[in-house]
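The task is simple: from the sequences and hints, build the whole structure.
Residue numbers (the working numbering), protein chains in the order written: chain S, 1 to 766; chain H, 1001 to 1088; chain U, 2001 to 2160; chain A, 3001 to 3290.
It should be emphasised that the hints constitute simulated quantities derived from the structure, not laboratory data.
Restricting the straight-line Cα-Cα distance to at most 25 Å, the calculated cross-link-like pairs of lysine-lysine (PhoX-like) are: (1) U:K2004 x A:K3053; (2) A:K3264 x S:K633; (3) U:K2004 x A:K3025; (4) H:K1042 x S:K428; (5) A:K3053 x U:K2073; (6) S:K320 x S:K197; (7) A:K3053 x U:K2010; (8) U:K2127 x A:K3088; (9) S:K92 x H:K1052; (10) S:K633 x U:K2127; (11) S:K92 x H:K1042; (12) H:K1052 x S:K176; (13) A:K3227 x A:K3268; (14) S:K633 x A:K3268; (15) S:K180 x H:K1052.
Quick list of the computed label-pair ranges, beta carbon to beta carbon: (16) A:D3047 x U:Q2006: 16 to 22 Å; (17) A:D3047 x S:K64: 32 to 38 Å; (18) S:A84 x A:D3047: 35 to 41 Å; (19) S:N139 x A:S3067: 47 to 53 Å; (20) U:E2074 x S:G233: 45 to 51 Å; (21) U:E2074 x S:A73: 42 to 48 Å; (22) U:E2074 x A:R3017: 28 to 34 Å; (23) A:Q3252 x S:P155: 35 to 41 Å; (24) S:T22 x H:E1021: 47 to 53 Å; (25) U:A2159 x S:K419: 49 to 55 Å; (26) S:N139 x U:E2074: 35 to 41 Å.
A quick note: this is a predicted structure, and the numbers were derived from the prediction, not measured. Glycine residues also receive a C-beta, built at the ideal position from the N, C-alpha and C atoms.
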Amino acid sequence: MSDQSYEPSMVLATKTFDVVGTRPVRHDGADKVTGRAIYGADVTLPGLIHGAVLRSPHAHARIKSIDTSKAEAHPQVRAVVTSADIADAGDKTVDLGEGLTRLAFIRNNVLARAKVLYRGHAVAAVAAASVHDALEALNLIEVEYEPLPPVLTAPEAMKEGASLLHDDLTTTELGKPTDKLSNVASHFRHEKGDIEKGFADADLILEKEFDTSTVHQGYIEPHNTTALWNNDGRIQIWTSTQGPFTIRDTTAAILEKPVSQVRVTPTEIGGGFGGKIPVYIDPVAALLSKKSGHPVKIVMSRADVLEGTGPTPGSHIKVKMGVKNDGTMVAAQASLAYEAGAFPGAMVIPASMCVFAAYDIPNVTIDGYDVVVNKPSTAAYRAPGATNAAFATENIVSAMAEKLGVDPLDLRLNNASKKGTRRADGPKFPRIGCVEVLEAMKSHPHYSAPLEGPNRGRGVAIGFWFNAGLPSACNIAVNADGSITLVEGSPDIGGTRTSIAMQAAEVLGLPIENVSPSVVDTDSVGYTAVTGGSRVTFATGLAAIRAARDVRDQMIKRAARIWGVDADTVEFEKGVFISRNGTENRMTFAELAPQLAATGGPIVGRAGVNPPGVGGSFAGNIVDVEIDPETGKVTILRFTAFQDAGKAIHPSYVEGQMQGGSAQGIGWALNEEYFMNPDGKMMNSSLLDYRMPTSLDLPMIDTCIIEVANPGHPFGARGVGEANIIPPPAALAHAIHNAVDIDMRRLPMNPVAVMEAIWQKNGVTD
Amino acid sequence: MATVFIPGSMRDLTGGQAEIEVHGSTVRDIVDELDVAHPGVKDWLVDGNRLKPSLSVAVDGVVSPLGLLQDVEGNSEVHFVAAIAGGC
Amino acid sequence: MPRKVQVQTKLNGEQVEFLCEPRQSLLEVLRDELGLTGTKEGCNDGNCGACTVMFDGRIVTSCLVLAVEAEGKEITTVEGIAAGNELHPIQQCFLEGAALQCGVCTPGILVAAKALLDQDSNPSEEKIRFWLANNLCRCTGYDKIVRSVQAAAEKMQEAR
Amino acid sequence: MQWFEYARPESVDEAVRLLSEHGEKARVLAGGTDVLVQLRGGFRSADWVVDIKEIPELNGIAWDDSSGLTIGAAVPCYRVYENEDVKKHYPGLVDVASLIGGTQIQGRASLGGNLCNAAPSADAVPAMIALEASGRVVGPDGARTIAVEDFCTAPGKNVLKPGELLASLHFPAPKPHSGAHYIRFIPRNEMDIAVAGAGVSVVLDNGNFASARVALASVAPTPLFVKEAGEALAGQPVNDESIQRAAEIAEQAAKPIDDMRGTKRYRKHLCEVLTRRALHIAVERAKGNN
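As structure tokens, then:
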């Protein structure tokens, strides 16, 4: 357990405020500790019936026929749907705020058309009086399949003559469409400087290959939805989602409805981490509701979640880096082949933007491959793509430090990216905290603490995530008692109601208890992009700041009217309106609030933003491990997480993000994987065998928040949701190397893998 | 003049040039200007009256949500980069 | 079709009576028949602990208990932890310690942690981690959960 | 889950009658931590579920210096490891009862259920084999006693005939200078299935092993009693060499498979490591046990 001789959670604050930076109790807290909070599966409506989804037993097969007649004849069954109930999307494309996507890909993932592309692919659905009846009826649906050979990894799928998933997928080669049918949806390249010259200048060149397994976000709450297709043709959906507007727009597109006919109410959500952005069951439940005339609820089983939703890509990565003897990195080359799963869209573009982002290297070439395989269509997972990439890069950087005989943090500091460093994908970095994070790591007591005993080692690693901006909206209404109600559209997964409310409170000089924030449905607030990309506290927070300023400016005019002075002479300081022209007038926010009706009517502040000035975040880990050399089991003795928050609006929840991201990174590093048999069946689709860390597997996770203000946000916030998951696998691999002198280049580094590496090192053969 | 950085995959349209100096006060001007000197550039970047949804434009390192409407200074750096959103 | 069964049990201190199918789990009946949706389903096979309830003085995963087994038993769910309007110290400490993020594992963890504190007024970190190992949390890394259980233990000792 | 009827008999006779009446269509419910998962997943089916927890004989723990320990088949794990007699005389049983599942599972799961479920990975079974435990089976034709090592016949299968019921488990009184221990290897630290496990018991006779028993989990179609490993220790001096030899015999006896929990090679290797480690702890316990 961690050494408590120092503060386990440090905040290296650079600027202080009245509300921002404090640790109030979250507004939804009481509901969530008493069981009153309503999550998606808790929704109930009069006449509610229950849906269940039939999933493919094959990883790759043609659907020859589907016969639903027996299921329809079941006395308790109210409706059955298949792909035939949804219009063919043709080559229609939709922009769901994350770039252009072929509607057919989303639609055919919701219900398979012609082919099933992974085991667990939805094929049909049933609605019945009870869940038990619905599940029973699934067995009555007869599907005839023509099984096809599956391809399960990127290298396999890229081979000439590999079994093809799609009859119409051609490779986009370096930005240009080709007519080559392939499992490679796209190959792109970033280039900077002259890679050949770079390696020619290097004194030391290291090149290695890495493989990482498919892993799942593992949120504890399974996907769920309740849909009502009303008699006027309007659709209402209640669901646990990170993106109510994404669900609305996608469902409308798939069901060919105007967006105004679909209303999505985001319930409380039991975790997402990127996995609750895509649409799976919402349009299905809506169709079942249309056919049955009842509201329909679908709740996925855990196996459905693991086999039928979007995990994050497995990958095959080659990295080559060159450094001079003086510790200057001169060249870096990466080939990133990421498994998209059944449909294109592996998170390889963000991976390419992060793989070398931490280092200022003059000559860089990065090739990215988006490869379809017979696994579930992948989704985002906390800094999607970056963890795989950093596992490779950081391994090589630490190995270089070892060969050059320099401190691994010094080598990183020597080459750290800073403001003005040009990234391989083009743009120069704005103000970033890479150097500050590394310096905090170096000066942290953990780094200098002695680590004695055999089979023990210490590792370090860092990671970068650029974070996202994207649209957000917010309305604020002033109440007569001087409190405000704040309405926003970002589902609250980790205390963001409060971190957003705090920013409005700061602007208006109010105590946080006087702000009542709510997350509302898609008819009740302007378009707000997903809770994702570490963007909510930054972007929705900015919307709240602007809405609060709008309130402030309107109230200044009211004060001016009351005092009969020019509005320009009225200032607002810490919740007090002051006019200093001649006689000084003062009025608090609470004194002015009751006078609004009489001075022109209620005041509603509003803002819609799509902010530039996103601040990327760096994270780092120091980790100590002990390895049982007879079993290969890794025990974490001590773990410290570092991250640049820009400004920690609510430090407790920033620490929470850092600790949670670290725990997920540790699980990814040590045990989690999709264990597939050769037929493409996931053999460990339960929480018993998909081994996420338990409370007994982790130590206390100490945190150190670094605050390098983001110039793009009034309080300097950057967004902290994601970067923290990136370093753990690389830091653990480094620690394992230092403990028992093995080089782990494959995730997970589970006991079998570590033991086999130890045997190999010792020359032990079967 | 603003400096436009040409993505590797677009360089065959610019005769291999990686950086091109272009006049213009908005990204749209710049794209039009480029297309005159290097026909095909506009098709490559633009879809109707907006940037292709798969692309973003970064001016002086900052990805702009305004796309073609983004103002450009005389000495600005303009990059066309892939549009992506994160997940958390 | 076989008949439903009538079950009498004591739930959160009150006598209740319900009809259920023998195949229905206690979790299902608590949520769908009795409207106590505070108890959550995360895996339905006993491996996540989100559905933890007190069952005759022991914590169990209610997905692995048949509702008919509740006949004559005493059950406490998360809805039964607070004393009226007064939050239990474990609930208060979870709020102050930011021990929940998404909050979906929280009801099960609160029931389990309360059961631990009821039998051990000052559990070690190791004991807390062992006791809660059947309650998966994916958001917090457990750090703030363990610290909040320790804080609640102190609070309860002061109260004594 | 499929429809089934539920019965809660209050006597062994009533339970046996129900089980005989419904034969293969009936399933016994003790802690339910396996059978309910299997019924829900469709791996097993049942028209009748017979809850045996209200039967007094199946729900008690009895200790006697001469005859030893008897544990009702439905007694949940927590009552085993919280029982003073068990703590005092059978630390090897406490080991296993407190590592099956987590706290919640231990509130329901029973050693009897763990045996009847007949999983190759059943943690309790090797521990019970090491302790020379036997099961008392009652059925339409009366009662019979079966050694635990003979109870499981294949993955998920056991010797019980239709209508038969495991009533209780009996553990002979521990001999002086005896000690037992069970350890398993799992990738996590809790809530996991044994990649391999070793249950051992030893009886010492000033500096030598008088006798020993070794049994393994997760390395064969059934929990595996490695008689020869114990026999190899009998009469040998208590030292690293003799223990190492027994551990290697256990490794040789293991016939594991490759699956998502481990490879053949790794599992065989673990048998040696775990048997050795378990024997050392059992010896320590024996030395402290006069």
